[in-house]
Amino acid sequence: MLEGTETVAVRFRGGGFTPLPGRYSAWLAFLIGLAAWQGVCSLGWVSPLFLPSPFRIAVALSQLVISGEIWPHLWASLIRIGGGWLVGTVAGLAIGLAMGLLTLARAVGMPMVSALFPIPKIALLPLLILWLGIGETAKIATIALGVFFPTVIAVYSGVDAVPRNLIRMAQSFEVPTAAIVWKVILPGAMPAILAGFRISAATALLLVVSAEMIGAETGLGAFVLEAGNLMQTDRLLAGVVILSLLGLVIGRAISILERRLLRWR
Amino acid sequence: MELLVQSVSHDFADLAVLRDISFRVAPGEILALVGPSGCGKSTLLAIIGGLLHPQKGRVATIGAPPDGSFNPMTFVFQDFALLPWRSVADNVGFVLEHAPLDASERGNIVADVLRRTGLVEFAHSYPKQLSGGMRQRVGIARALAVRPELLLMDEPFSALDAQTRDLLIEDFVSLMSGNRMGAVYVTHNLEEAARLADRVVVLSRRPARIREIVELPLARESRDALFVAAHQRSLWSLIRDEAAAAAREIADA
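Those protein sequence lines, which keep their order, are chains A and B. Residue 10 in the working numbering sits at position 10 of the first sequence, and the numbers go up by one each step. Residue 24 in the working numbering sits at position 24 of the second sequence, and the numbers go up by one each step.
Chain B with its partners taken away, still in its complex shape (with noise of 0.2 Å):
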């Protein structure tokens, strides 16, 4: 399955947020959308998942979704959005309580993410008794229970702090590996998206438009830290005026 996004513009109101944005996301690829603070990076992910309408272009997809996916295209969320009167894995059966499944497959498959994802041993505890890191592994088991084609993540680690952040993308990059599965990746941090992304759609400050869409060569786990710096300070580059200027805008206001 391949993401059509085609000339999306919106506003709120008053304010112009996203103006013609288009690019493609091929199958299985990771891509990063980057931005100054407030650009309307979030707007386009909930516009992409459907969340949102936009008020003009669309957002398509071309060839069928695999078999099995009840999903194909999921969201990681920044705040986790976990039920918090729900245990573990009672919230990552959430959201296949209303698929075609019986109860033994439900739970078979909630017993495999939960394996996958590190959290057998908490799958009788409840948020509230979790780290943020392992709020965010059970907000990642729970997108990978629906068997998703694409997952929509809209700043995944930046709640949490920099050791398990670090922690969790390595999880992350292995969980990737050797799975078809793409994402359109929201940050405002240079560093992941140098990690993480095989492109990375640098957009401008608000209205956001597409200032330029950079290629990341090599292979995901074989990036080290010189390569994520080098990226890193070249994205930086991009961005830096805009952000400087989107920080003042800010000020002002």
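One chain only, chain A, in its complex shape (with noise of 0.2 Å):
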């Protein structure tokens, strides 16, 4: 039927536009700039001093690793971001759901909250050695005040993202109260909060650096502190290192607990 008649294919014209996974590229990127910054320093173009090589911040860094020198550092470090950030996270999960669930708590709360959140923590902490000495627990409570607040804020705003008709459908079904808190309103903040955690945690790293910068002897902050001071700045960087990879493994540790409790999505 269509001998003899001449035909034209559609021309294809839908390319483009479509992301496609580059699984290599950011490898290679990375390994690509690793390279030019070692051929930089090994070509004598900046003074050791003031930009160590790649090279030689891997050799400070398992110097510091098989010495032992970090570990002190490291747990002294990782024991004021747990404990702060337990501290903020219980008592700011403990708001957050009362200022979702609560009339009176949110009209309280909530002006208190938006007042002080932008406060600056760290610029607490010299009122907080007042109060509570020089120790530990100043260092531990400007941490917890920095993840209280983030995280009043993920819950409550989680907590009052949870579809009402969720909620309705409980009532509905006469569950108790404490049960549709537990059972609907949590797993219905569940996203928000974890979202949260992911602020918290990046703020935690980021105050118990700058708290052992002010008032320790202990603490990858102090530790890279010191070798400013001392001008060894590959000391300085493997510690800069260090803390990168610290916040690595807690993102991709909140990312496994998102895997697992948001499997639904």
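Simulated from the structure, these hints should not be mistaken for laboratory data. Built from N, CA and C at the ideal position, the CB exists for glycine as well. Misleading hints may appear alongside valid ones.
DEER-style ranges, computed between Cβ atoms [as the list claims (entries may be wrong)]:
| # | chain 1 | residue 1 | chain 2 | residue 2 | range |
| --- | --- | --- | --- | --- | --- |
| 1 | B | 244 | A | 257 | 53 to 63 Å |
| 2 | A | 265 | B | 42 | 49 to 59 Å |
| 3 | A | 137 | B | 42 | 49 to 59 Å |
| 4 | A | 16 | B | 121 | 33 to 43 Å |
Only pairs whose alpha carbons sit at most 20 Å apart, straight line, appear in this in silico SDA-like list of lysine to any residue [stated by the list, open to error]:
| # | chain 1 | residue 1 | chain 2 | residue 2 |
| --- | --- | --- | --- | --- |
| 5 | B | 128 | A | 258 |
| 6 | B | 128 | A | 161 |
| 7 | A | 183 | B | 87 |
| 8 | A | 183 | A | 161 |
| 9 | A | 183 | B | 99 |
| 10 | B | 128 | A | 185 |
| 11 | A | 183 | A | 202 |
| 12 | B | 128 | A | 190 |
| 13 | B | 128 | A | 166 |
| 14 | A | 183 | A | 257 |
| 15 | A | 183 | A | 171 |
| 16 | B | 128 | A | 165 |
| 17 | B | 128 | B | 78 |
| 18 | A | 183 | A | 168 |
| 19 | A | 183 | A | 262 |
| 20 | A | 183 | B | 98 |
| 21 | B | 128 | A | 167 |
| 22 | B | 128 | B | 160 |
| 23 | B | 128 | B | 98 |
| 24 | A | 183 | B | 86 |
| 25 | A | 183 | A | 264 |
| 26 | B | 128 | A | 259 |
Stretch by stretch, here's where chain A covers chain B in the computed footprint (C-beta under 8 Å, at least three residues) [claimed, not checked]:
| # | region |
| --- | --- |
| 27 | 77-83 |
| 28 | 88-98 |
Mind docking these for me? Both chains are given alone in their own frames, and the hints should help you get the complex.
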């Protein structure tokens, strides 16, 4: 039927604009950057005092690990982050939940949280040292305060965003109030709560370094500061590498938690 | 158990919604509530189900609910209201978790209603993995699990496409037959009302008053397309002018 008829294929015009997954490009770019850095240092274009080469940083890092010098610092920082984050998170969960559920708590809490949230918490460290002494408590309290506010806001907005129809559904089946909170509101708010964890963990890392730079002899912040004072830039940057690895590990842990708890999404 | 709605009136702030609504729902009866869009049908259903307190009038029941009913008046929601983090079986089980049942009794009830609603193979699926029609099957299974006496259905099939809706209505008709369960069924779809209801309460536009209560004579299972079309037309003639006026009101607002 089509014999002898000239046909023209429809031209494909749907290409592009679809991001393809690139598995290796990120690693490749990272390695190229590292190689360029090493090249600049090896050619002697910059003084190793100001910018040590990646190789020298790696050597410093391995010495720190092998000699065991870094472990007390890392341990001290981890204790402060863990303690501060835990206290701030527990308090933030309780207050955020109360504000999400109770009209009175919301009316009282919202203006207070809005007023106190923007204060840079590190500015309170001197005051907290006056109150609590120079020891661990003041540092942990600073971190706890820094963690508390983003947690309150995340939990409150998470609870507030739980679809009303799910709560009404549970009420229509006469599910007891405590069970509605535990089985409907908390799981419904979980995505927002975990997103808040991500922010509060980053805040905790930021604050631990700042607090340790102000008044501590151990901890990664104190270590980095001391290396800087002694112009040991390779050790300084080795400390920074450890801090960024710590940040990566924490972020990864939260991602795993999200995947576990939010499988339904 | 018989449901009694007595002189219910309700306002939202300055907005008059319901005016002096009274009717009865006999045991096992399906009563459809129809009316122009936005006339307050869903508000009335929320009042009947105890989710909203009426400003005037009252809702009451006559006679004890049957033994073994965990929730005599049970909602089926337009948007399904499933917990997205629970599987199908756990969504159904959710409404039994506070009932005086041990785990095996609860499991038996869940298995039974999943079988009756054709959901057995989806028991471990999550809501997001299901089509809209399947999700509403879960909503119906959940309602059946508490052994209700009266279903309160708020446009249960209106979020579904036409074919899915027809299939689900057929299944619903067979679920309801041979069962002494009744229903108050809110819909703006007059065809659904003509297919399913024993009586149709026609509401006026807001503030809604009862315009007429229409009895549909034939048993549900024996209604054919002709019957449904004829009654759909006569219902439409009752609300056509009101619906047009309501649409103009919405456009003016």
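Verification of the supplied hints:
no. : hint                      : result
1   : B:244 - A:257: 53 to 63 Å : holds, 55 Å
2   : A:265 - B:42: 49 to 59 Å  : violated, 29 Å
3   : A:137 - B:42: 49 to 59 Å  : holds, 56 Å
4   : A:16 - B:121: 33 to 43 Å  : holds, 41 Å
5   : B:128 - A:258             : holds, 17 Å
6   : B:128 - A:161             : holds, 19 Å
7   : A:183 - B:87              : holds, 13 Å
8   : A:183 - A:161             : holds, 15 Å
9   : A:183 - B:99              : holds, 15 Å
10  : B:128 - A:185             : holds, 19 Å
11  : A:183 - A:202             : violated, 29 Å
12  : B:128 - A:190             : holds, 17 Å
13  : B:128 - A:166             : holds, 15 Å
14  : A:183 - A:257             : holds, 18 Å
15  : A:183 - A:171             : holds, 12 Å
16  : B:128 - A:165             : holds, 17 Å
17  : B:128 - B:78              : holds, 16 Å
18  : A:183 - A:168             : holds, 13 Å
19  : A:183 - A:262             : holds, 14 Å
20  : A:183 - B:98              : holds, 12 Å
21  : B:128 - A:167             : holds, 19 Å
22  : B:128 - B:160             : holds, 15 Å
23  : B:128 - B:98              : violated, 25 Å
24  : A:183 - B:86              : holds, 10 Å
25  : A:183 - A:264             : holds, 15 Å
26  : B:128 - A:259             : holds, 16 Å
27  : 77-83                     : holds (count 4)
28  : 88-98                     : holds (count 4)
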